[in-house]
Structure formats: structure tokens, C-alpha cells
Amino acid sequence: MKGYLGKVLKVDLTTGEIADETIPDSVYENVLSGIGLGAYYLYNNIPAGADPLGPDNILGLTSGMLVGSGSLVTGRWMAVCKSPLTGGWGDANCGGDFAPAIKACGYDAIFFKGISSKPVFLHVDDGGAELRDASHLWGTDAIETEDILRKTCRVKLVPKVITIGPAGEKKSLISGIVNDGGRIAARSGVGAVMGSKLLKAVVLAGKQRTKIHDPAGMKAYSKEVGAKFKQASAPGFIKGSAFPVLGWVLSKVKSVSATDGMMGVMMNKKYGTIAVNTMGLPNGDSPVKNWGGSVKDFPLRKYKKLNPDRILDRKIKSYSCYSCTIACGDTCDISDLGDGKIEHTHKPEYENCCSLGTNLLINDLDAIFLMSESLNRAGMDSISAGTTLAYAFECFENGIITEEDTGGLQLRWGDADAATRLLEMMIAREGIGDLLADGVRVAAQKIGKNSEAYAIHCGGQEPGMHDPKLDPMLGVHFSADPTPGRHTIGAGNYYNMISLWQEVSWAPKVTKYPKSQEYIPSDEEALKSVALACYKMLNDAAGGCFFALIAGLEHWNLFRMFNDTTGWGLSADEYMEIGKRIQTLRQMFGVKHGIEPKEAIMTGRVMGEPPLESGNLKGITLPIQEMVSLHWKHFGWDENTGVPGQESVAELKERALVH
Amino acid sequence: MRVKIYASGYCNFEHIDDDGFMTLPEGASVNDVLKRLGIPLLLRRFRFAAVNYNQAKPGTVLKDGDVVSLLSAMSGG
Ligand code: SF4
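Same order as they appear, the protein sequences are chains U and X.
To convert a position in the first sequence, counted from 1, into the working numbering, add 17.
To convert a position in the second sequence, counted from 1, into the working numbering, add 382.
Chain U with its partners taken away, still in its complex shape (with noise of 0.2 Å):
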């Protein structure tokens, strides 16, 4: 009656056996389901050492404590395992109707440990659990893979189906994991690691409901919820031609303050997060030429083509997640592009389209939506895949990968067909692409020739396609997060939206301050950006959506929500405490298995050094070192090396959670 079933399902590939295990309440009641749950089941039963793509390493696929509970936006589910792209903790979060059918087969979490001697597929109803074989799936990608289970496992429930396509076959350490048509958990590698253990797919068709305390005080919440979200719908006059002025007013601003994060949801309903294609050029939030650049080299003429107007002509239909009422999805047309035989994808998101567009100065929107397409049949993240075009590109136009090594290919700055061959070959791990296919610090290192200057990554892992040179706290989340190059955690934006002062006593409020503060390394926004990163903690803990997140408290309000699922009556303050032992739990995991945290904190171009010539954040160096210094310590953990102080740890010894 509280949100959560107390019950996952572990599966053992190199043995076969699959068995429930019984989880005590008192680990829900310190660190919640999701990948609070997440986070104490693979600290607990991981070694340390584990080789990520070996049996030891566990897979799991977490729920959440606010899914299936009546509440709006929380249908997110997460995979959670060590990470094959950092070493330390890994996990990546998608959409789409796979998280309530965790729950709906009795379970708050599947995880799964060993290696399977042929490809297989986890089959989970109402009557139990089996292995299934799937040699006949293997090498089919991931859309088409979805369709065919969707189909034949099919009794009376279309079930619900996450797979890996090729990437993660071909155990891509930046490949992900597939659900709904091509939404992508693409982060951390976890995709190589399902790949790894010959783990095809998980179909499940339970039927099982979720519980919880207060059902009548979560359903007048969500009327209330839904019907703001539901009036919240942009102005007329906004049209993708005016977010250059937008970006441009945005870069000249000398002063901040709360913002009201439902004006972010009435963008989102209507484009998604593609407002930003145009809008983050002329403000410099995204990357240029390998983050090299600035709209200096790639200026209006060029950019606009990439109007989100132009995206959503191709929209057939609206897309939402489960419980969600924002819809910020769309499903795109793409019949007349290609070869023709794909006829609708997902609209390709913000992230793709700076990734594969802006950092590699493309313009040519139809060579988005194809490779966007392509890395969802294969399984592969944007984020990275991009980031590893753009290095490629920029050591070709050094001389440190010539065209004998592409096989002929010229890989020029802007060229569209040469990155869709390249991200070909990469998906194919055929030629240099297979040198690419692991991520931009492998190829670095196998490549050598000083080319690790061109190899955008922290600890490992490409960074989201936003510069934090326009907000810092960005990369104080991309340095300090356990799962680094993190763009999700926060920004002192996404601060100003939510408003977690109003609830949270030590979250500092925020009135009107100057732009440059957040330039100066500070308690103040050193207890925002903790502030932020336990409240993302709580968010995935829950299931929630991160967009509904930046709607900000007055309008979604997490605290709320969990007490009318647990009836526990907590504070905000209380809660947060919990999300702050789940972060401390992750950076724990981490650490035990060698990961050192500083190595992590972000330097290079990315932070400003050397400092960009041109563009709005030109002359910029960040004080990374000393901001993400003042995280940890806010943290409780030291703050010259990120490691957890025994304070933390004892505490979560107190509570059972580290054995």
C-alpha cells in the first residue's frame, strides 16, 4: 500500500535460475525504489573489480516508487549497472510504457547477473518468468526486434518490450537500451553491458496494480496537475524563426531570477526541447565544432535551417509517456527520406540535432532525421556518437586520421554524408569505425598522436550538448555527478525554475542576483547545485520526468507525491536527505571500484581552456576545480578528492545499506 512491491526479480544468465528476492521495507523507507533501490542492490552485490562486461557485473531495470500510483509524469524506467564507458556507477533513463509493466508483474526492480550461452530473452507474466531463446533476434535492430515480440509473445496484452539493437550486440561501450519505437536509455554504456551477457530483450505482460496509501488524495492532486498542464500552451506569435532573437535577448541578460518553470512546459508541449537548435547559437549553450567554435563558425544563414518549424512539418501525431500530459514527443514522417522504407521516427531532440548538426556544423535536417533513426535501430547514443563524429572530424583536419585510415572518406567540417557513413561504420564497428564505436576516450587512446585534446569527455563519458561556460552550475553536475557528463542533474537555470526553497529549509532562495555570481564559486551555489542533485536523485527514485521537474514545485511537487503513495508524512527536508544518500551511494559505488572522482572534473575547452575566441561566451574560463571543490564539500564529502567522509559512510552503515 505504499508505492512499492518489496520484491525484485534477480536472473542469473550463466545458470539459468530466476528467483524473487525480498527486499526490507527499512531500504525503501532510506533511499525509495527506482535508482534508490538501484544504487543499494549493486553497491551491495557487485565486486569490486568487476570487469563491467564480464558475469559479475549486474544489469538492472528499476521502476519507480511514484509509477503506477496515480500520479502525472512518472512513467520513467532506468538501467542501472557498473559502467563500461567510466568504470564507476552507470545508469540511463527512458521513457515510453516499459516502467508500470515492471510493476505490473509484481516486481519494483529485474536484475540481472552472469552471461547466457546463446542470445535470450526474459519473458515475465502473471505466471512467472522464463528464458526464452532469441538466436533468431540477433543482428536485428532494435525497432524491428520490439515489433516481432510485440507480435509473437502477444496472449491477450500487447506486452511491453526493451531491447538492444546491434550496437549493444556489438557491445558499443556508448550503445543503449530500446523501448517504444526507438526511445533510447542511452547513457553509461549500458547497452553494451545487456549485450554482453547475450541478453536480447525483457518482455513483460503483467497485469498487476500498484497500491498506495492515499489513492483519493493522489487523484485530486493529479486533476489539479493535469489541468495545468493542459492550459499551459505557448503564445501564438512564438515561431521557431524567433528563437534566434530569443537566444541573442537571452545572451545580453545581466540579471537573474525565479523563472516559472510552466512557461518551460508550454515550450515543451509545443517543440519539445528543439527550441534550442536555433536559440542556443547566438546565447553560445550549444557546442560548435567539436566545442571548439562558436556561431562565428556557424552563423545564421547556416543554423536557421535547422528551425524546429522545420522538424515538426514532418509531425504526424504527438507522442507522449506513460502518465504523462505534457506529450513533449512527436512522431515524424520520414517517408520520403532514404531508401524510403522507414516511413515515421521520433522527432530527433535537441541533443541530436546539436550533436549531429551544430558540433559538426550540419545543417542538412534530412541527414538528422536519418541518422537519428539509425542510432535508434542500432541502439546507440546521440550524445556520444556525435561527440566522437566531431573528434574524428577535427583529427582529420589535423592530419592524425587521413583518409587512408577512413578508407577513403573525407571527413569534412559540414559534411553530411560523410558523417552518415562514418556513423555507419561506427554502428558496423567496420573500419575506423570500430575503433569509434567505443567512445571518444578509447579511440584516444588508441589512436594517440595528442589527439586526447579533441576527445570531449569527462570521466569517460561525452558530455550533454550544453556549455556550461553559459551556466556553470552545468558543469559543476557534468564534473561531479557519479555518472559524469551528466546534463540532467542541474543548472542554475533549472534552480531558478523549481523553486525548492519554498519547501526545502537550507535550499538558498533565490530573488534577484547578477548574472555573474554564478561565476564565483560560492556556498550559495554550491548548496543550489547539492540542492539540485538530491532533488534529481528523488526524481529517479520516483520515476518522474524530468521536464515535469523544471515545471518546479508550485506545479509538480515530488514531496507531495510520495507522501500521498507512502503515507509516511515526511519534509522536504526529509526527502532530501534521502536523495542525498542515494547520490552518496552512487559516488560510494564509484569509489569502491576505483573510480577517482577528481579525475572526473571536467578541464579543456569545455571549461574554457584555452577560452573561445569568438561568440557570447568568448574569454570564458570556469573555476571548475574550486566550484565542484565546494559541491563536495556541501556534499559532506572531501572536498579535494570526492571520496564520501566517514560521517556518510557511517551513517549508511547505520542504516544497513553498505554490507
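Mixed in with the good hints there might be a few duds.
To be verified - When the alpha-carbon atoms are kept at most 27 Å apart in a straight line, the in silico DSS-like pairs for lysine-lysine are as follows:
hint, chain 1, residue 1, chain 2, residue 2
1, X, K417, U, K269
2, X, K386, U, K247
3, U, K269, X, K386
4, X, K386, U, K245
5, U, K334, U, K358
6, U, K247, X, K445
Calculated from the structure, these hints are not laboratory results.
Fit chain X with the ligand to the given chain U structure using the hints.
Same frame as chain U, now just chain X with the ligand:
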């Protein structure tokens, strides 16, 4: 009356207090808010303000406790 204002970085914050409220005379409209925020006359006719999360015209009359939000942009994705 007091009206909650979510302004953006391009605004003049002079008339907003530390809790984010603006004090206005009874009968004040969205246009009065925009004027105090320093939005140029030419731009005020664009409907980029919302009152209680509904798009509003410059002439929309406000009442105590209303929430006026100005279009702001976010990074992210
Ligand atoms: S806002 Fe978008 S990503 Fe989030 S749950 Fe809704 S449809 Fe999915």
C-alpha cells in the same frame, strides 16, 4: 494589491520585491506590469505574458494574488 511576478533576465526588477511580488493599484492590467518591468511599448502587444498560466492580453485586468509569468527560455534537452 500584490501580484506574483515571474520575470526574465531582460526585465527591470526594480518594482519586484524579494519574494517576487509587485504591488499595484486596484484595476491595474498586464500592460502596467510590463511597463514597470521596462518592456518597450512595441513589444508589449506580443502576448508573451501569462496570467495564472493562461495567455493574457496587455489589457487583461489583474486581481490580488494573480501570477504573471513572462516568457523565459530554458536550456536543456
Ligand atoms: S515530458 Fe516528454 S519525456 Fe517526459 S514523460 Fe512526457 S513525453 Fe516523456
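Tested hints:
With a C-alpha separation of about 20 Å, the suggested pair X:K417 and U:K269 falls inside the 27 Å cut-off, and the hint holds. For the suggested pair X:K386 and U:K247, the alpha carbons sit about 21 Å apart, so the restraint of at most 27 Å is met. Annotation: proposed proximity of U:K269 to X:K386 holds, straight-line Cα distance about 24 Å (limit 27 Å). Under the criterion of a C-alpha separation no larger than 27 Å, the hint pairing X:K386 with U:K245 is consistent with the structure, at around 17 Å.
Our distance criterion of 27 Å between C-alpha atoms is met by U:K334 and U:K358, whose separation comes to about 20 Å. Between U:K247 and X:K445 the CA atoms are separated by roughly 23 Å; this keeps the pair inside 27 Å, and the hint holds.
The structure is consistent with each of the numbered hints, conforming to all of them.
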